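Novice: Line by line, the protein sequences are chains A and B.
For the first sequence, our numbering assigns the number 1 to the initial residue and increments by one for each residue that follows.
For the second sequence, our numbering assigns the number 1 to the initial residue and increments by one for each residue that follows.
Just so you know, the hints here were simulated from the structure itself, not pulled from any lab data.
You may find that some hints are simply not true.
To be verified - Some chain B residues judged to face chain A by a derived CB distance under 10 Å, without partners named:
#, residue
1, VAL126
2, ALA136
3, LEU156
From a predicted model like this one, the values you see are computed outputs, not experimental measurements.
In this text, a Cβ means the ideal position worked out from N, Cα and C, and glycines have one as well.
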Amino acid sequence: MTETKQFGRTTLPSEQEQAIKKAVRWEVFTIVYTSITIAVIALVVGESQAMRTAWIEDMLSLIPQIAFLTALLFVRRRPTKKHPYGLHRAMGVGHLVAGVALLAVGLNLAIEAVTGLIAGEHPTIGTVQLFGQTIWLGWLMVAVMAVVIVGPVFLYGPAKSKLAPVLHNKLLYADADMAKADWQTTVASIVGVLGVGVGVWWLDGAAALFIALGIIWDGFRNTRTAIVDLMDQRARTYDSKNPHPLARDIVSYLRSRPWVADAGVRMRDQGQVFHVEAFVVPHRSKVSVEDIDAAAAGIADIDWKMQDVVVMPVGDLPDEADTGR
Amino acid sequence: MDRSWTSRRHRQRRWATAAIGLILAGALSGCGLTIPADPDGTLDSVSGGELRVGTSPDGDLVEVTRGDPTGTVVDLVDAFADSIDAEPTWTVASEETLVRMLEAGDLDLVAGGITPDTPWIDKAGVTRGYPGIEGADGRELVMLVPLGENAFLSKLESFLDAEVGS
Numbered sequence: 001m002t003e004t005k006q007f008g009r010t011t012l013p014s015e016q017e018q019a020i021k022k023a024v025r026w027e028v029f030t031i032v033y034t035s036i037t038i039a040v041i042a043l044v045v046g047e048s049q050a051m052r053t054a055w056i057e058d059m060l061s062l063i064p065q066i067a068f069l070t071a072l073l074f075v076r077r078r079p080t081k082k083h084p085y086g087l088h089r090a091m092g093v094g095h096l097v098a099g100v101a102l103l104a105v106g107l108n109l110a111i112e113a114v115t116g117l118i119a120g121e122h123p124t125i126g127t128v129q130l131f132g133q134t135i136w137l138g139w140l141m142v143a144v145m146a147v148v149i150v151g152p153v154f155l156y157g158p159a160k161s162k163l164a165p166v167l168h169n170k171l172l173y174a175d176a177d178m179a180k181a182d183w184q185t186t187v188a189s190i191v192g193v194l195g196v197g198v199g200v201w202w203l204d205g206a207a208a209l210f211i212a213l214g215i216i217w218d219g220f221r222n223t224r225t226a227i228v229d230l231m232d233q234r235a236r237t238y239d240s241k242n243p244h245p246l247a248r249d250i251v252s253y254l255r256s257r258p259w260v261a262d263a264g265v266r267m268r269d270q271g272q273v274f275h276v277e278a279f280v281v282p283h284r285s286k287v288s289v290e291d292i293d294a295a296a297a298g299i300a301d302i303d304w305k306m307q308d309v310v311v312m313p314v315g316d317l318p319d320e321a322d323t324g325r
Numbered sequence: 001m002d003r004s005w006t007s008r009r010h011r012q013r014r015w016a017t018a019a020i021g022l023i024l025a026g027a028l029s030g031c032g033l034t035i036p037a038d039p040d041g042t043l044d045s046v047s048g049g050e051l052r053v054g055t056s057p058d059g060d061l062v063e064v065t066r067g068d069p070t071g072t073v074v075d076l077v078d079a080f081a082d083s084i085d086a087e088p089t090w091t092v093a094s095e096e097t098l099v100r101m102l103e104a105g106d107l108d109l110v111a112g113g114i115t116p117d118t119p120w121i122d123k124a125g126v127t128r129g130y131p132g133i134e135g136a137d138g139r140e141l142v143m144l145v146p147l148g149e150n151a152f153l154s155k156l157e158s159f160l161d162a163e164v165g166s
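Just chain B, same shape as in the assembly:
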C-alpha cells in the first residue's frame, strides 16, 4: 500500500514535469513562439510599421503647438519607435479618451505625464516607473500599453531600462 502510494506520487510528479516540459519545449522550439508573447500581436504589427501613440500635453514632457507634439517623453517614444523600425503617429487627446482608444485597439501606446499611481491600472498594461526622464520634476513616469501585450510591454521596458533606467 505504501509502495503504491509512493509510485502514484512519482507518477503525478512525472506528469507535472512532463506537462511543464511540453509547454516549455513547445514555447521555445517550434511554432516560432517567444516568451513572453502578445495575444494580439502588437509588437509584430508595430515593428517595421506604424506605432500609434497617444499623449496629452504636460509641461516640458509633452508640448503641443502645431504639428506633431514635442518634448522629452515624445523624444523618448520616437527613439523607441526607431529601435523597432516603427513610424510613430501621434494622437493628442484627454487621458480618458486615450485609454479608451487603447482598450479598443486604436492605439498601441500612451505616453505623457503618467505616474505609477495611475488609476488606469485595470484598463491598460502599465510599465514600471522610470525616474530618469528629464522634465518630470522628480516624478517617476510610466507608459500605458494594451492589456496583456506582454512582448510589446517587455520590449518597451527593456528599451526604457537602457535609456532612462536607474
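So here's chain A without its partners, still in its complex pose:
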C-alpha cells in the first residue's frame, strides 16, 4: 500500500485518507485484541456451551476485519481494460463472505444449543488450581468475559462506527455495529455460567441459543445488505436506511445547467464509491460535447464517492431513473 491516496480512479480527499489510515489501524488493533481474547477464553472455555458459543463468535468476528483489509488492497487499484470499473466490488464480496460465514456458523451453533437442551445435557464445570487455591472455573469464565468486553464495546466499536460514515463503508459499519452489540454476548454467557453455578443447568444452553440467534441475525443482516448492493440496488446510505442523498444533489446540479430541461440518475453502490449514470433531457436536440464533459466533471466534483460518471443526453428519461422528486 505505497500509494495510500490512490483509490480506484481517483485519489481520496485528505479527510477520507486519514479515516482510511485510522480504520486500518483500528482493524489491526481489533485483530490483535480479538486474537488475545480467543487465546484467553480458550484457557477457561470448559464444557459450557454458552462459553463455547461466545468463543466461536469471537473467532467469527475476525472475518470482517480480514475481509476489510484484504478488500482494501484491491479497491485502491486503478481501473484497467480487464476491470473497467475498478475493483470496488471487493468490499461487497468481503461483506458477503462475512455475512454467509456468520449465518452458517450461527445456524450450526443454534442447532447444537437446541439439541443439547433437548437431550438435557448438564454442563459440567469443575475447578482449577490457581496459585495453590482450588477455585470454581465458572468464576474465571465470568471474570474473563467481563474483562474482554472492554475492547469491542468501549474501544474499537465506537471508533469504527465513527469512521464508517466518513468512508461510506458498509462492511466497517456492520463490523462496528456487531462490536457494540457484543455486550449482549458477554451478559448472556455470564448468565449462562452463573446459571450452571446455581444448579440451573439449562441456562447455559439457553444462553448459548441466545448468542447463536444473535450471530444468525448478524449474518442475515450482513448477507442481505451485501447481496442487495451486489444486485445493484439504488445507492443507499452507509447504514442502508435511506436512499443516498447524493442522487438528489446530482439531479438538482444537472437541472441547474442552462441547457438541461430535465434530469434523472441511476446510481449504484460499488462498495465505497458510486457508479453514476446521469440522464439529461436537453432543451434543444443538439448538445455540445463540452457541456456533457463539464457536467460529468461537475458531478464528480460534488463528492469523492462519485468515481465513475457517465452523462447521457436522451429524449425521455428512463422510467426507473431517480429524478430526485
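Fit chain B to the supplied structure of chain A, relying on the hints for placement.
Specialist: Here is chain B on its own, set in the frame of chain A:
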C-alpha cells in the same frame, strides 16, 4: 439524538449489571444456594450417606479378590468418602457398564485406571488429571462423576488437590 443514544446505552448497561447482581445476590444470600451447585443434588445426598462407587480392576490401583476392592485408588476414594462422612459401597464391572450406571443415576462416582484421554467425556463429568497417584506408572488419573453435578465435582477435585495434587 446523541444524548438519547448514550442514555439508552447506559440503561442497557444498568439492566445488565442489575441482572448479574440479582443472580449473584440470589445465589449468595437466601435460598441457601452455593456456587457451584448440583442440579440433581449428588453432594447433598452422599454427604453423611452412601457413596456409590464403581470401579474396574487395574494393576495396583484397583485389586479385586474377595469382598471390597483394594488398591491405591480405592484408598483415595475411601479417604474422600471419609471427608464427607459418606460410606462407600463398591460396584465392580466393566467401564462401559459403570458409565451407563453413572448416567442412569445408579452410581455417584467411577474411579480406577482412567486417564484424561477417556472417551466418556460426553457421558460423564471428568475431573482434572492427577499425576501423583501411586501405582499409576506415571499416568495422570481422572475420576468420573455424573454430568453437571458441579458441587460434587468441585468437592472431589478440591479433595484430590489436597491429597494427590501436584
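Novice: Give a verdict on every hint.
Specialist: Results for each hint:
| no. | hint | verdict |
| --- | --- | --- |
| 1 | VAL126 | holds (7 Å) |
| 2 | ALA136 | violated (19 Å) |
| 3 | LEU156 | holds (9 Å) |
In the structure shown, a violation is registered for the earlier hint numbered 2 alone.
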